[in-house]
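Q: Please construct the entire structure, taking both the sequences and the accompanying hints into account.
Number of protein chains: 2
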Amino acid sequence: MATFPAPGFTGSPLTRLDIERDASAFFEEQLANPAARLLRLDGLKPVLDEDGRLSWGPMSEAPGDTALAMLGLIDGAPRFVALAGRPLGGDQRNESIAIARTMTEAGDGATYAAARSLVDWHARHRFCANCGRISTVARSGWARFCLTADGGCGTEHFPRTDPVVIMLAEHDGRVLLGRNLRAPYGFYSALAGFLEVGESIEEAVARELHEEAGVVVTAVRYVTSQPWPFPSQLMIACIATVESDAVTLDTNELSDALWATRDEVRAALADDPDSAFRVPFPIAIANTLLTAWVNGA
Amino acid sequence: MATFPAPGFTGSPLTRLDIERDASAFFEEQLANPAARLLRLDGLKPVLDEDGRLSWGPMSEAPGDTALAMLGLIDGAPRFVALAGRPLGGDQRNESIAIARTMTEAGDGATYAAARSLVDWHARHRFCANCGRISTVARSGWARFCLTADGGCGTEHFPRTDPVVIMLAEHDGRVLLGRNLRAPYGFYSALAGFLEVGESIEEAVARELHEEAGVVVTAVRYVTSQPWPFPSQLMIACIATVESDAVTLDTNELSDALWATRDEVRAALADDPDSAFRVPFPIAIANTLLTAWVNGA
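Those sequence lines, one after another, are chains A and B. Take 1 as the starting number for the first sequence in our numbering and just add one per residue. Take 1001 as the starting number for the second sequence in our numbering and just add one per residue.
Since the hints were derived computationally from the structure, they do not count as laboratory data. Model, not experiment: these values are computed from the prediction. Treat the hints with caution; some may be incorrect.
[To be verified] According to the in silico footprint, chain A covers these stretches of chain B (three or more CB under 8 angstroms from chain A):
{"#": "1", "segment": "1126–1135"}
{"#": "2", "segment": "1196–1207"}
{"#": "3", "segment": "1225–1233"}
Just so it is clear, CB atoms sit at the ideal spot from N, CA and C, and this is done for glycine as well.
A: Now the structure itself:
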């Protein structure tokens, strides 16, 4: 069994209260709890205190005109986040990631991930996709209802989580890394793509590797997973054995690819200045996957 | 390594043409191909021929007033399905599953799964969730655009795939099976629940088992996955080691639970009339997961 650090954005101390939060009386009760705390966000960006931890304020900081979502309990205290009442404008992805990389507390990334994905989803899904009317925040912020009392169709909508497969093709002791057209200079990573309706994880891995690199998969092994809140992916990390190391690149996605040995990947993970390539930072699951592979996954 | 049959709704012979299908010229070209075929559906239900295989008709069977989605290629011929132009009314889930269980061809279930999830998603997502306007079918049926030329906001929407964790809690050589309040008499299955934003597969498994059965997870191992097109879940099957066999049931979900040995699960999988309980049919991944477990997963 390979050992590797917990992937980024996992390990939240939140108790989610999935069952209790469906009742609006429970929500109101938690809101009135003097111990209740509000997560501070700057738009969609995390706000950290001077120790590099997520910053929580009193409930009085919540803007009067927006709904709240109850994230759950931490240390026995109810935790909330304010939902923007309007589109947020821009995804603030790169700034958010830069701040998340400086977090000092294990688990803060995961709490932020849940809050960010929820806030962003509400901001971009204010209308009912089934009938076009404005919908209403429900279930303590974990759903939206298209209320029939407002002339709506009665549909309930839940936050999206989009599964993405991210994988190393493996052949003869080496793994395939690709250089994305949009990646910074010198960066190589595992290939990745959205899983589609009507396919399994294993099938999505095989399809993506064939599309992007022309390799034929003979076996897939799952390694680990993480939530990636930009906006709400579930990253599913796998290693796929492939028939040969002959590669045909999809040049719409990738500018280059290389096969790397365990020693070469170890050097890149250690930021060795002599490494021929660089790899993603530790909170990205590509880093976890490469670490797992050099450790025997 | 445990052996088990391929999960239901996997193994499609479709080549999806994910890259090519983004170009409308390619779509029109495939549509004009004399070899093109249209998948026959009865609402959302599969239509089988007399040999129990998916039934395909000529393109002339497509209703004139609906958009088409290009599923991909099978045997070199382009394959299409007609998208309903209006809400479908009812999900026809149980009838669809009953017909899918009689399919004779490996892979037909997976082709149907992709088509069904796509048709159903378009029917229930005709409006832009960001601005409320009617959106337009795009990317050969694999997306919807909120066209600015129509006064829309320019957002692109993709079909949803909702990850669900389904898992066996394991303790001292036995696994936990629950009886859902809505399950037919005598049926027991793996516990399951939707993965939420901000959590990994492993965290969702631990949360769901704790919520539904009060057990504490110490380790999670992934087994396999399947698409479940009712309407568009990704089922992720795992086995979780738990601290003890003391169970506290969530009686909103489950009426009963039991711990079963490998011999007891084998008897249920074989439909042994003396089995104390029954388990789901083979196209459900709960069956695959139990088969994998008795075979050593």
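Q: So is the segment 1196–1207 of chain B in contact with chain A by the C-beta rule, three or more residues under 8 angstroms, or is the coverage claim wrong?
A: holds (count 9)
Q: So is the segment 1225–1233 of chain B in contact with chain A by the C-beta rule, three or more residues under 8 angstroms, or is the coverage claim wrong?
A: holds (count 5)
Q: Please verify the coverage claim for the segment 1126–1135 of chain B: does it have three or more residues whose C-beta sits within 8 angstroms of some C-beta in chain A?
A: Coverage by chain A holds for the segment 1126–1135 of chain B (9 residues, Cβ < 8 angstroms).
The structure shown violates none of the earlier numbered hints.
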